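Protein chains in written order, with the working numbering: chain U, 2 to 169; chain Y, 238 to 390.
Source of the hints: derived by calculation from the structure; they are not laboratory data. These numbers were taken from a predicted model, which means no experiment stands behind them. Beta carbons: idealized from backbone N, C-alpha and C, even for Gly. Incorrect hints may appear among the rest.
Said to hold, decoys possible - Computed cross-link-like contacts, EDC-like style, restricted to lysine to aspartate or glutamate with a CA-CA straight-line distance of at most 20 Å:
#	chain 1	residue 1	chain 2	residue 2
1	U	Lys124	U	Asp20
2	U	Lys138	Y	Asp275
3	U	Lys152	Y	Glu380
As the list claims (entries may be wrong) - Computed from the model, here is a short list of chain U residues facing chain Y with C-beta under 10 Å:
#	residue
4	Arg24
5	His36
6	His38
7	Val40
8	Ser59
9	Trp65
10	Ile97
11	Asn100
12	Gln106
13	Asn153
14	Gln159
15	Ala166
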Amino acid sequence: MAQDTSEAPPGIESARSADILHRLRRKHRDPEADHKHPVNVTHYETASLGERLADQLSAAMGSWPFIIVQSCLLVVWVYLNVWAVFIAHWDAYPFILLNLVLSFQATYAGPIVLLAGNRQSQKDRITLEHAADESDKGEVQINRILVEIRKNTALTLQILNELEAENA
Amino acid sequence: MAQEAEMPTGRAVVASEHKHPVNVLFHDEATLGERVADKVASGIGSWWFLGIQSVFIAVWITLNVEAVVNHWDPYPFILLNLAFTIQAAYTGPVLLLSGNRQAQKDRLRLEHTAEVAEESERATIAILEEIERNTEATLKVLEHLQKRRAAKA
Numbered sequence: 002m003a004q005d006t007s008e009a010p011p012g013i014e015s016a017r018s019a020d021i022l023h024r025l026r027r028k029h030r031d032p033e034a035d036h037k038h039p040v041n042v043t044h045y046e047t048a049s050l051g052e053r054l055a056d057q058l059s060a061a062m063g064s065w066p067f068i069i070v071q072s073c074l075l076v077v078w079v080y081l082n083v084w085a086v087f088i089a090h091w092d093a094y095p096f097i098l099l100n101l102v103l104s105f106q107a108t109y110a111g112p113i114v115l116l117a118g119n120r121q122s123q124k125d126r127i128t129l130e131h132a133a134d135e136s137d138k139g140e141v142q143i144n145r146i147l148v149e150i151r152k153n154t155a156l157t158l159q160i161l162n163e164l165e166a167e168n169a
Numbered sequence: 238m239a240q241e242a243e244m245p246t247g248r249a250v251v252a253s254e255h256k257h258p259v260n261v262l263f264h265d266e267a268t269l270g271e272r273v274a275d276k277v278a279s280g281i282g283s284w285w286f287l288g289i290q291s292v293f294i295a296v297w298i299t300l301n302v303e304a305v306v307n308h309w310d311p312y313p314f315i316l317l318n319l320a321f322t323i324q325a326a327y328t329g330p331v332l333l334l335s336g337n338r339q340a341q342k343d344r345l346r347l348e349h350t351a352e353v354a355e356e357s358e359r360a361t362i363a364i365l366e367e368i369e370r371n372t373e374a375t376l377k378v379l380e381h382l383q384k385r386r387a388a389k390a
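With the hints as constraints, model all of the structure from the sequences given.
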């Protein structure tokens, strides 16, 4: 009857959170990593073609390489049209064609930003739905624990009655 | 879980400023590019930026309308237009950059939630099993008492 039910040794908590941190670190920058959370699985691993494309598009445009390449192109364009002597200036000051090109980029950037935002809000919606499911599940578990404790209390009361009858 | 869990020490979280593992990974362990991205996003998305931009535009237009200095960009301000376009051409990608960072954090947060949920489910089941064992023991105590009373009677 006297079973050993010693508690987990101190420090096990931090060992667990170290494990968690370690596992998270591996997934941190890899969207292709396997996901554990159902919402992440749904969002990343079962995304449709259009959704994948949207993710890749926003990942590509929202990256340092994009910004750096754009800056280089800008400088080269201006340089060639102001100082270059070996080719004809196709877009002299005030760079009206460059203006058009950049406006063109901005015209697409807006919708792409919204595309990415919509993906995120879709994910947020699924996250909340999942949280609601989880909370239902948690309630069921808590109820089971409560029922079990009530049973225990009833037994303890019976024991008390026995003892009181004995001592009366 | 129950008590405050000590952050693991070692190379993992050197000079950690955050407590939550997701913040540790996301902020304390951000790469240079990620740090700069965060700084740029918070710089552009600030009242300071908006204020300075507005003053800059007002000064530009005033100087090119009023006869103070040589008008380098007279009406309809074609160079100013180019400046606006360049700004817009950069804010788009920066917006996406910052959005991608947030999405990355969201992904990480959910993974963390899943890890923690697994732990807490294990704990809940352990509690239930422990109580069931207690009930069994209590039941046996009751049976012993009843037997004793029956023997006395």
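Here is what the structure says about each hint:
1. As the CA atoms of lysine 124 of chain U and aspartate 20 of chain U are separated by approximately 26 Å, the hinted pair breaks the 20 Å bound.
2. Taking the CA atoms of lysine 138 of chain U and aspartate 275 of chain Y, the gap is about 38 Å. The hint is violated against a cut of 20 Å.
3. Annotation: proposed proximity of lysine 152 of chain U to glutamate 380 of chain Y holds, straight-line Cα distance about 15 Å (limit 20 Å).
4. Because the smallest distance between the Cβ of arginine 24 of chain U and any Cβ of chain Y comes to about 7 Å, under 10 Å, the interface hint for this residue holds.
5. Nearest Cβ of chain Y to the Cβ of histidine 36 of chain U: about 6 Å, under the 10 Å cut. The hint holds.
6. For histidine 38 of chain U, the suggested interface contact is upheld, since its CB lies about 4 Å from the closest CB of chain Y, less than 10 Å.
7. Using the Cβ-Cβ criterion of 10 Å, the hint placing valine 40 of chain U at the interface with chain Y is satisfied: the shortest such distance is roughly 5 Å.
8. With 10 Å as the threshold, the beta carbon of serine 59 of chain U comes within range of chain Y, its nearest partner Cβ sitting at about 5 Å, so the hint holds.
9. Because the smallest distance between the Cβ of tryptophan 65 of chain U and any Cβ of chain Y comes to about 5 Å, under 10 Å, the interface hint for this residue holds.
10. The restraint placing isoleucine 97 of chain U at the interface with chain Y holds, with a minimum CB-CB distance near 7 Å, inside the 10 Å limit.
11. Interface hint at asparagine 100 of chain U: satisfied, since its Cβ lies 5 Å from the closest Cβ of chain Y, which is below the 10 Å cut-off.
12. Given the 10 Å rule on beta carbons, the hint for glutamine 106 of chain U holds: about 5 Å separates it from the nearest Cβ of chain Y.
13. At its closest, the beta carbon of asparagine 153 of chain U sits 5 Å from a beta carbon of chain Y; the interface hint therefore holds under the 10 Å criterion.
14. Because the beta carbon of glutamine 159 of chain U sits about 6 Å from the nearest beta carbon in chain Y, less than 10 Å, this interface hint is met.
15. A least Cβ separation of about 7 Å between alanine 166 of chain U and chain Y falls short of the 10 Å threshold, and the interface hint therefore holds.
The structure fails hints 1, 2 (numbered hints given earlier, in ascending order).
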